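Trainee: So the chains spell out like this:
Number of protein chains: 2
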Amino acid sequence: MKQPDVSKATMGRLPVYLKYLKEKESKADNISATTIARELRMGEVRVRKDLGSVSGAGRPKTGYNIGELMLAIENYLRGEKTTEVVIVGAGKLGRALLDYSGFGEYGINVAAAFDVSVKLPEKSQNGKPILPMSELSRFCREHDAGIGIITVPAAAAQKVCDELVKCRVKGIWCFAPTVLNLPAGIPVQYENMALSLAYLNKKI
Amino acid sequence: MKQPDVSKATMGRLPVYLKYLKEKESKADNISATTIARELRMGEVRVRKDLGSVSGAGRPKTGYNIGELMLAIENYLRGEKTTEVVIVGAGKLGRALLDYSGFGEYGINVAAAFDVSVKLPEKSQNGKPILPMSELSRFCREHDAGIGIITVPAAAAQKVCDELVKCRVKGIWCFAPTVLNLPAGIPVQYENMALSLAYLNKKI
Chain A
356 MKQPDVSKAT MGRLPVYLKY LKEKESKADN ISATTIAREL RMGEVRVRKD
406 LGSVSGAGRP KTGYNIGELM LAIENYLRGE KTTEVVIVGA GKLGRALLDY
456 SGFGEYGINV AAAFDVSVKL PEKSQNGKPI LPMSELSRFC REHDAGIGII
506 TVPAAAAQKV CDELVKCRVK GIWCFAPTVL NLPAGIPVQY ENMALSLAYL
556 NKKI
Chain B
356 MKQPDVSKAT MGRLPVYLKY LKEKESKADN ISATTIAREL RMGEVRVRKD
406 LGSVSGAGRP KTGYNIGELM LAIENYLRGE KTTEVVIVGA GKLGRALLDY
456 SGFGEYGINV AAAFDVSVKL PEKSQNGKPI LPMSELSRFC REHDAGIGII
506 TVPAAAAQKV CDELVKCRVK GIWCFAPTVL NLPAGIPVQY ENMALSLAYL
556 NKKI
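For the protein sequence lines, the chains are A and B, in the order given. For what it's worth, the numbering used here labels the leading residue of the first sequence as 356, then goes sequentially. For what it's worth, the numbering used here labels the leading residue of the second sequence as 356, then goes sequentially.
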């Protein structure tokens, strides 16, 4: 299992820097960490650390070259090659993720969804395939699927997980509120919507 | 702003304990942290700490009374009163969250969704109202909405946030990949789907 070299918090701020730099690009060649920090209302130490994790340090006096910095951030976010992703569970959430347009900038292509209730191939609103479970193995092989997303009910999640592991996905993103058993070396990331909202609810 | 007295990680494990205890309830009256830790393959220190944050400590020799422990966990998760929640942005994700059934056990009721493109009241698949934006203020007042969920595109998120703040929500859950300006004292929690998947992608 590769370890990401930047924290999730830093990764979350990278698109913020990128958007900010895009606005500045036409107005200047260089920008200092001090300016970025002030205008984005962030700590300067944090800005230097975040940017330093994907790019070289800014030059004394001139700061960062905006074009180079943008390229470094984009390259980091996109990675070396696009990861193909499959979804198992084509309910409302599965279909929402299938058609979500925000993954591309991170070098991720959500290629298809699969569901036990789908008997004949369908298309999502955005034209992505929604296929019977019997197609999963072939599809994963042909598309070299790297990640499997689980959006089935908790009771079905382990079985789906086992199938995805057999299909040789290298990571699992699980929306079912359960704990999965996986072979060592396959990272799993849980996304518990109810828990996230419940946590916010405890803060209000 | 209230601070939650348990961490998000602990909160995430509470339903796991609860499910486990439900299975044990008919078989025994008491259970030790040692047994729980072993059977759930978790560290004993963590189990004691987690359970201690919502319940008293287990008794020496006998451990926890299963029924009492379940009640303590359920009460903590549910809170004192149900929080009413509104969603702004009735696209695929907004509708998926509107009809998601997992919030109830956390004392949360997602009451309605609102969207600029909705001109006449609609119903979701599960019968929840999807209403025009012009209804937001009245609805929030009548239902004493505590949390607003933002599932509109990033460009529209700040405007929606401002409207929700005017409607006196006490917290914001934001799925738009942006950073919101909010008055102090209103917690905002960001949920960036693309970022979460991108983070997993960096680990495989």
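In case anyone wonders, no lab produced these hints; they're calculated from the structure. The model shown is predicted, which means the values in this text are computed figures rather than measured ones. Certain hints may be false.
Identical copies look the same in the list; a pair holds intra-copy or inter-copy alike.
[To be verified] EDC-like mimics (lysine to aspartate or glutamate), calculated; alpha carbons at most 20 Å apart, straight line:
| hint | residue 1 | residue 2 |
| --- | --- | --- |
| 1 | LYS447 | GLU477 |
| 2 | LYS404 | ASP454 |
| 3 | LYS474 | GLU435 |
| 4 | LYS478 | GLU490 |
| 5 | LYS382 | GLU435 |
| 6 | LYS525 | GLU477 |
Trainee: If a hint holds in the structure, say so; if it doesn't, say that too.
Mentor: Verification of the hints:
Both within a single protomer and between protomers do LYS447 and GLU477 lie at most 20 Å apart by alpha-carbon distance, with minima of 15 Å and 17 Å respectively. Taking the shortest alpha-carbon separations for LYS404 and ASP454, neither the intra-copy value of 34 Å nor the inter-copy value of 41 Å comes in at or below 20 Å. Taking CA atoms no more than 20 Å apart as the test, LYS474 paired with GLU435 passes in neither setting, with 36 Å inside one copy and 45 Å between copies. Taking CA atoms no more than 20 Å apart as the test, LYS478 paired with GLU490 passes inside one copy only; the shortest distance there is 14 Å, against 34 Å between copies.
Proximity of LYS382 to GLU435 under the C-alpha cut-off of 20 Å is found in neither arrangement, the shortest distances being 30 Å within a copy and 53 Å between copies. Proximity of LYS525 to GLU477 under the C-alpha cut-off of 20 Å is found in neither arrangement, the shortest distances being 26 Å within a copy and 41 Å between copies.
In this structure, the hints that do not hold are numbers 2, 3, 5 and 6, in rising order.
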